[in-house]
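Build out the structure end to end from the sequences listed, making use of the hints.
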Amino acid sequence: MRSRVQFLSCIFCTTLIFPYVLDALKLNTGLTSGNGTRTDEDARHHKRNNRVLIGLLSQPSDPAGRHESYIAASYVKFLESAGARVVPFVHDMDKDEIKRRFDMVNGFLLPGGSARLRPGHTFFDTATEVVRLANEANDKGDYFPILAICLGFETLAIIASGNVSILGSYDSEDTAAPLYFTEKAKNSRFFGSLPEKIVADLAAKPYARESHSHGLSLASFDANKVLKEEYEVLSLSTDPEGEVYISTMESKKYPYTATQWHPEKNAYEWGDKLHIPHSKGAIDVTYAVASFFVDQARRSFHAPQSILEEDDALIYGARLEFTGRHTSEDDAPWMDEGYFFDDWSRRKEDATGSAAQ
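For the sequence shown, numbering that gives the first Met the number 0 gives the first residue as 0, with consecutive numbering after it.
Please keep in mind that the hints were generated in silico from the structure rather than gathered at the bench.
Only true hints are included.
Straight-line distance between alpha carbons at most 27 angstroms, and here's what the computed DSSO-like set of lysine-lysine pairs gives:
hint	residue 1	residue 2
1	46	139
2	185	196
3	94	252
4	98	76
5	251	224
6	279	76
7	251	196
8	227	252
9	139	227
10	185	46
11	251	185
12	46	98
13	252	46
14	252	98
Simulated restraints on C-beta separations:
hint	residue 1	residue 2	range
15	113	241	23 to 31 angstroms
16	320	48	25 to 33 angstroms
17	241	327	31 to 39 angstroms
18	218	344	36 to 44 angstroms
19	302	326	37 to 45 angstroms
20	102	240	39 to 47 angstroms
21	79	170	27 to 35 angstroms
We put the beta carbon where it would ideally sit given N, CA and C, even for glycine.
Okay, structure coming up:
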């Protein structure tokens with residue numbers, strides 16, 4: 000197993016990695032706060048929407064049952080902590096419903112989890128449609144941010160690259176690690192907006208919760224012209240075997256941020272067998288990232304057509320379950336709470352059947 004020291008020393012002899020991690024050797028102390036780097040942009044976009052709704056995509060995988068999908072409650076709490084509320088997008092919604100909900104939300108979170116990232120699979124197809132709508136909106140000057148976490152990062156990478164085979168295998172299913180910032184990080188939309196202490200802590204301490212078996216390598220990123228033209232690599236990480244992967248990137252053209260790491264878990268997932276950092280500094284990271292994203296969403300002025308439509312759309316009508324209950328001392332639940340949804344197609348069938356009767 001390669002040590003962290005060996006990883007850093009290999010930077011000098013690896014021409015592929017060197018351009019991306021030049022500043023990592025300095026532990027990223029040159030990163031500046033957003034207050035000093037985003038002044039002009041903030042002045043141009045001073046209007047803010049303070050009733051933020053964020054779309055969040057459900058997943059048809061464990062622990063959801065047959066004809067069901069779920070959303071981990073940690074993502075909902077993460078967004079609520081920064082002043083937003085959640086509108087669920089059920090994985091198999093038709094395009095008309097996706098568009099209706101898109102027009103009422105101010106941003107979208109692509110969550111971590113497990114799903115087939117291929118066309119013809121509902122999670123991926125719905126994510127692709129939302130990204131298409133977001134691209135179209137942003138191209139028209141209708142500001143619409145996306146935050147993609149873990150599986151969401153991988154989904155966004157596949158959509159942007161057009162290559163379903165762009166990901167590689169990694170062994171980071173239960174670790175916490177520091178981030179190695181690239182020279183692009185200091186002036187980035189994301190890290191350039193976070194408090195200096197948060198950025199310094201992410202560089203020096205294991206506050207980035209990693210929970211994935213796939214990832215995007217620098218070689219694959221560099222080899223894909225479309226992805227390289229659209230995205231900047233902001234940080235790298237290593238798995239326990241020392242293999243390097245991209246852990247943070249953001250779009251150059253659109254307000255899209257992608258983290259392979261989980262900012263929400265530090266504060267809102269408490270599995271006692273999992274290596275999730277829960278120190279005050281780690282919790283501060285959770286809030287800082289949530290605050291960044293929700294503040295981005297305040298620049299969007301999408302809204303429901305009425306308060307009744309808003310009420311119907313909010314996640315609070317979904318079934319919330321305590322999924323973290325232990326069945327024994329040795330049990331290792333990975334999600335504390337989850338919201339569960341019947342498949343959209345079955346809802347439509349039930350509604351059609353009721354109308355016919």
